[in-house]
Amino acid sequence: MDKLTILLNDEHISDIRIASHDCVYVKHDGERENVPALFTSKEEYLQFIKDVIKQNHVVVNESNILWKFTDTESFPNFTLQYVLGMPLVNTKNEPYLFIRKLPKEKRE
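Residue numbers (my numbering): 1 to 108.
Hint data in this document are derived by calculation from the structure and do not stem from the laboratory. One or more of the hints may lead you astray.
[Stated by the list, open to error] In the DSS-like style, the derived pairs of lysine-lysine whose C-alpha atoms are separated by at most 25 angstroms in a straight line are:
1) 68 with 3
2) 50 with 68
3) 3 with 92
Because the structure is a prediction, the values reported are computed rather than measured.
Make the full structure from the sequences, and use the hints.
Here it is as structure tokens:
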């Protein structure tokens with residue numbers, strides 16, 4: 001998660017979409033923005049995906065092309081909802097990772 005820590009800690013960012021190692025978007029105050037590539041290579045991005053899977057105890061197999069899972073423990077103020085898509089459903093031929101940040105407490 002180190003690569004995403006700055007984005008995850010930014011309270012103005014609600015969504016992070018990683019289409020490939022060099023294609024990352026965030027939703028910042030309701031507006032979609034492209035951000036500089038977070039990963040230097042496809043291999044680094046694939047290792048990141050493996051780390052996320054392992055950290056969240058997700059079993060990935062060939063029978064599914066999409067996985068949805070939640071992380072309620074990594075951050076005290078919000079929950080992370082993940083959608084992980086395999087390269088088969090991504091035009092970039094790399095896994096697709098979508099992360100939505102949900103506040104644990106409702107804002108007033």
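Tested hints:
1. 68 with 3: Holds. Residue 68 to residue 3 sits at ~21 angstroms (cutoff 25 angstroms).
2. 50 with 68: Within the cut-off at roughly 15 angstroms; holds.
3. 3 with 92: Given pair residue 3, residue 92 holds - Cα atoms ~20 angstroms apart, limit 25 angstroms.
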